[in-house]
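Undergrad: Working from the sequences, and respecting the hints, build out all of it.
Keeping their order, the protein sequence lines are chains A, B, C, D, E and F. Residues in the first sequence are numbered consecutively from 1, following our numbering. Residues in the second sequence are numbered consecutively from 1, following our numbering. Residues in the third sequence are numbered consecutively from 1, following our numbering. Residues in the fourth sequence are numbered consecutively from 1, following our numbering. Residues in the fifth sequence are numbered consecutively from 1, following our numbering. Residues in the sixth sequence are numbered consecutively from 1, following our numbering.
Keep in mind that the hints were calculated from the coordinates and are not lab data. The beta-carbon is built from N, C-alpha and C at its ideal position, and this holds for glycine as well. Any given hint could be a false lead.
Coverage of chain C stretches by chain F, computed from C-beta distances (three or more under 8 Å per stretch; other residues unrestricted) [said to hold, decoys possible]: (1) 33-47; (2) 113-120; (3) 123-137; (4) 217-228.
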Amino acid sequence: MKANKKKPKKEGEKMTSKKSEKLIDKKGIRLDGRKVDELRPVKMEVGVLPNADGSAYLEQGRNKILVGVYGPKEAHPRHIAQQDRAVIQCRYHMAPFSVDERKSPAPSRRDIELSKVIREALEPAVFLEYYPRTSIQVYIEILQADGGTRCAGITTAALALADAGIPMRDLVVACAAGKAGGKIALDLMDTEDKVGEADVPVAFMPNLNAVTLLQMDGNLSVDEFNTAVDMAIGGCKKLYEIQKEALKSKYVSEGVKEE
Amino acid sequence: MKANKKKPKKEGEKMTSKKSEKLIDKKGIRLDGRKVDELRPVKMEVGVLPNADGSAYLEQGRNKILVGVYGPKEAHPRHIAQQDRAVIQCRYHMAPFSVDERKSPAPSRRDIELSKVIREALEPAVFLEYYPRTSIQVYIEILQADGGTRCAGITTAALALADAGIPMRDLVVACAAGKAGGKIALDLMDTEDKVGEADVPVAFMPNLNAVTLLQMDGNLSVDEFNTAVDMAIGGCKKLYEIQKEALKSKYVSEGVKEE
Amino acid sequence: MKANKKKPKKEGEKMTSKKSEKLIDKKGIRLDGRKVDELRPVKMEVGVLPNADGSAYLEQGRNKILVGVYGPKEAHPRHIAQQDRAVIQCRYHMAPFSVDERKSPAPSRRDIELSKVIREALEPAVFLEYYPRTSIQVYIEILQADGGTRCAGITTAALALADAGIPMRDLVVACAAGKAGGKIALDLMDTEDKVGEADVPVAFMPNLNAVTLLQMDGNLSVDEFNTAVDMAIGGCKKLYEIQKEALKSKYVSEGVKEE
Amino acid sequence: MTSTIVVNVKKKRITELLAGGKRTDGRGVNDYREIQIESGVIERAEGSARVRLGKTEIIVGVKIGTGTPFPDTPDTGVLTVNAELVPLASPSFEPGPPGEDAVELARVVDRGIRESKAIDLEKLCVESGKLVFVVFVDVYVLNHDGNLIDASAMAALAALVNTKMFKYTVEEGEIVKKPGYTPLPMLDYPIAVTFAKIGNKLILDTGLDEEQVMDARLTITMNKDGNICAIQKGGGSGYFTREEISEATKIAVEKTAELRKVVVKS
Amino acid sequence: MTSTIVVNVKKKRITELLAGGKRTDGRGVNDYREIQIESGVIERAEGSARVRLGKTEIIVGVKIGTGTPFPDTPDTGVLTVNAELVPLASPSFEPGPPGEDAVELARVVDRGIRESKAIDLEKLCVESGKLVFVVFVDVYVLNHDGNLIDASAMAALAALVNTKMFKYTVEEGEIVKKPGYTPLPMLDYPIAVTFAKIGNKLILDTGLDEEQVMDARLTITMNKDGNICAIQKGGGSGYFTREEISEATKIAVEKTAELRKVVVKS
Amino acid sequence: MTSTIVVNVKKKRITELLAGGKRTDGRGVNDYREIQIESGVIERAEGSARVRLGKTEIIVGVKIGTGTPFPDTPDTGVLTVNAELVPLASPSFEPGPPGEDAVELARVVDRGIRESKAIDLEKLCVESGKLVFVVFVDVYVLNHDGNLIDASAMAALAALVNTKMFKYTVEEGEIVKKPGYTPLPMLDYPIAVTFAKIGNKLILDTGLDEEQVMDARLTITMNKDGNICAIQKGGGSGYFTREEISEATKIAVEKTAELRKVVVKS
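TA: Next comes the structure, spelled out in structure tokens:
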């Protein structure tokens, strides 16, 4: 650690290294005890923010994600409005304390890109044409980051959109697979993502069989890539079950208690 | 002094030190020869800027403050307008050459806070409800700073508002008291403020007995605090007399000369 | 060359030096083989950008300039619109790779000033009053810079305005003269400009005998200045012939081929 | 934005209730809503705490970095407080750089910590004039239901109390980590209480409805000795009388002592 | 902005044609427009190239500077990719700092170069931990007629291949130039191909008209071994089926190999 | 903003008067308004001056700091000129970062000082390549009633002449203050005169009314030898003929000499 060294900016790009081989042991067990096709422990909760029109909270490993949704409401500034549909304004934002070295609150280029691809992952699921000239605001706050936050953000945002009562074709659920320690593995955590060989985040609409986000960086053969995509979709399907439970547990219990 | 050292930003926070004891000598005399309850020499002048709708200039010790007021005029941008009252837009701004080390012209966080509390110190005095949908702009320029600029800015701004012919319930006048060299003292200058134990800026409407700004930083017992507030209000009352003189000397002489 | 040295900003100001004397040899020949009153090789082409309403490309020595013109179209944001005439919005912008040390894409103070004086050099030529409430956008991109880019930008912009079919009183053509190696010389290139004694950029409307841009920095007697202005205007007149050729070769050949 | 008419009706109702010493949710004028404090909620931060004050919810994270000291205080660490009113917390918050409300919130929390000398900054000097620790206190507002200042100050204090620093030695001017952690060195425990004036009544711990109709607010921050270390008047175009200030100060002495027990034991 | 009605008419026409395997300009679904590549167009830059893809026109300039390495990679040079959608290139581009489209474009081009390890960054280290070369790749869009990503990636690759660095020795921690130049050390040659989905068809190298009506796009960047090094889905509110992704990947293997020959020999 | 109709009426009136060699306030075409110069008005600045030119009022403050020199001029101090059109000076000025008018004003004042070599910057080098003095010249416009350039240039010159630097020695690469002060080392005294063209007349020292109707302006800055060191055409969509430029230059020789006596003795 050195004082006050002026560093060039670095926006989450991958830097592979020789340490990758240590990520998975001979028995196929990962640093945190998981098997290659195992998700991290996941917890989801819907309706956690009193002020927002819809909200959800998710923990996936050490990731802690909070999403608030406002709208549909009159688009502002007006020039962003679309005559024939709603627009989604999406902000992916990391708390300064969410990562090891304090992050400046100003949006990085990575934040700008992720806000865009997350928005494009959610749009296919929403009946935007029901609310022309309006805006739906999706605020994704990464309270703690441990790899895979864009996917976790999408999974959480879809719950918050549903909680806001916005009509949707399907839920969206997202999960990454990647290559670490030479093996294709599901749901990379931060260390695996940084040291590993590749990461493939996928967002999926389970009932429509539709991939709404797909990115990749690293180095994969076409076969490895196909394996990773299938594994990620498998992860999505498991997360989808938890999503449905989270919605049920809010709306069923609420029904009993309040309505 | 060292070349080009990159310093973390520092926004006028107090740093007490052992030097504080030297601020007031055994006879109760301060570094600039004042007694503890004595104001610095003050000079006020009204109507000093030809273009502004109202203006005033004040010197208090080495402080040199210039305020220009424009309005009421159509609020811009429109979304700041209030249906039922005028808004005050207030900017506290320091000239780059006003302090020992050149200040960048970009607003600091201190500048933003002071602009807000000064606005809130002036608002109670103005009949804002007379001018719905308009804006009154108060531009406070600190040409030279020597401690107590927020108070001096308020005193000057009230004169400039009156000079602009804006209907007011009362004048506003401001003065700080604090603790320096172990004693409660009036109207701290820069050295006393920086080295001293506490500073209590107070803005006051003399005829309504109303405190419109109150801040404090440092360390005071409740008794010391009450002494300081009373002393500050005493200072305000003295400054109020000078304010009235300044208005009279403009409007009486003008009456004779021009109208 | 040193790593990461934090330099104060420097915006193209001249720094004369003792090297100036070497710029012109005893026979009056300059470093690139030109005589003192000789222009650099010039190439102009009109209508090079498919999307823009008008465009032109120019090479003058190693300068490479591309200009695109859009409009007249509704002025945006609206408050810039003029009731009785069009406004020109002009941006002089350098590509990051256009100079030896990579230039940040953010506009420098030099860029802001040049955008203004170039706009004012073009305005006298355009019948702005024909298009009230509209905006004409002139985007000048310096792809490679080698001294004299503001003049080359004006010459190119005038061609692009003509190509956009915007009614003009006259073309505008610009050229600098200066003092280098103790002599008044035409069309200084980068080295001559940096090391030389003075630079006098001039923009000219040939048929109206009107100077629409005039700047100077350096040190010239009044006589030297007058010589330089006359030489610059001479350069403008030569460039004007090339401008006319460039327009002709587009519109004549187009006439034959397409219309 | 709530319309003027609605605000006026609300103001009438709240003022009438207060005339009888009552509040819309049944609390007494000096009662706080339920306070829930949870420490260590962000494991990757050196310190953290979540405070819920009724429906108001704040997370504060503390990060420790390094830097050079201020030239005039070469032997003390650096404290930096920042606040973000993130837009999911309220329909009135917008994305973008901090506005005047966020700046004021950060600076009021900052002054409480700084002026009470809560952190022993002299212990955070590594090498005089050259290398010190920097304490970043980031206030993150997650749901705004009134009284952000008191809740933020509590969360900041709880997060500082929760903060752990790695042990280290210095070798050739660089910090070398050792195994183990120590708590952040703390000297005081400042608590802020904010009074709102509605009509001619002072109340504590305003909800959002009350803030919409208040004339002004007054925040008093006190240290563990019951001395005042920071005050801030704000919150609107109203004022306080001299007597109201004295009254508030008296109540603050008791109230800050009471709240300190809640926060520090947490 | 083109009106909704016009876009709908266009979409209908383009989709009908595609149903018969045809495009408005007569190309097949996987055909690229004419590609013109010219290297060294900016003599003052260390490397440069202009790519014309039909009427789309891009210049990329490469500048070499120096700086300190990242603390976690003390022995490797630094790569920085930036893109500007300069306003003369399209009526829809505006002056000002890069928006999300420019940021995405730069980051997709960046990932292709970085993840394929195209540049041998370890050879750009001058002094470990202290001094390395910085490669600035600036993408400059001069005319936008669709498929900016593929054209930018090609232009960036051609500019890198064109880049010359001066020879040097190191004396007392400073770089001293020697006569002569060497090429930038290159290890791979990444090529990006971007599929657009319109209705249920995938097409390559979209023109502007096709982009206005597409459901979504998928960019696949491959290295010289036919491995995938970067993927980006974007471009609208549509999606891809699992099968479409496999289909695109298969086509990409052939197409990137084909395009690499065009770019690298240039 | 003044309406077009009012401006047209004004223009007609001013032009008619000028045809007879008269101005609205009775001055001759080359007459300056009353000039009041007061030096040392900001005691905490190293140098300062206030200039009143009729109702136009400017303060310039000079601060001396330290920094590293430019790599290509390792032995010379650094000059930085900044201008702020603070919003109390005119209803047409707005708060915020400097716009193009403020930038142009600063750069024209800067060029006059820089190109005339007014400050002996070589005397401001402390240690070659490492440490030099930085001269900050801040132009502060307090009331705008026309001809800001000439008034600012005068105020800047008066402030530089007024500037005092502390005496010092260098010990181990650091500056150590000694008792006493020396004046800023000055080599020249540049003066700017700005001509406005209205119709076919040239006039000096325009008031605000005249600026609203002028076709263009031409600023000529001359050094003490009567040489030209900076020129700037600006101020509108008009032009100058070749003959007008010669005429202006001739007048400038006399006028700058005359004004220099006023400013430098002040």
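Undergrad: Does each hint hold? Answer for all of them.
TA: We went through each hint and held it up to the structure:
1. For the stretch 33-47 of chain C, the stated coverage by chain F is not satisfied: 0 residues place a CB nearer than 8 Å to a CB of that chain, which falls below the threshold of 3.
2. With 5 residues having a beta carbon nearer than 8 Å to a beta carbon of chain F, the stretch 113-120 of chain C meets the requirement of three or more and the stated coverage holds.
3. Evaluation of the coverage hint for the stretch 123-137 of chain C: fulfilled, as 3 residues show C-beta separations to chain F shorter than 8 Å, against a requirement of three.
4. Residues of the stretch 217-228 of chain C lying with their CB closer than 8 Å to a CB of chain F number 8, which satisfies the three-residue condition for coverage.
Going through the hint list in order, the structure does not satisfy hint 1, though it satisfies all others.
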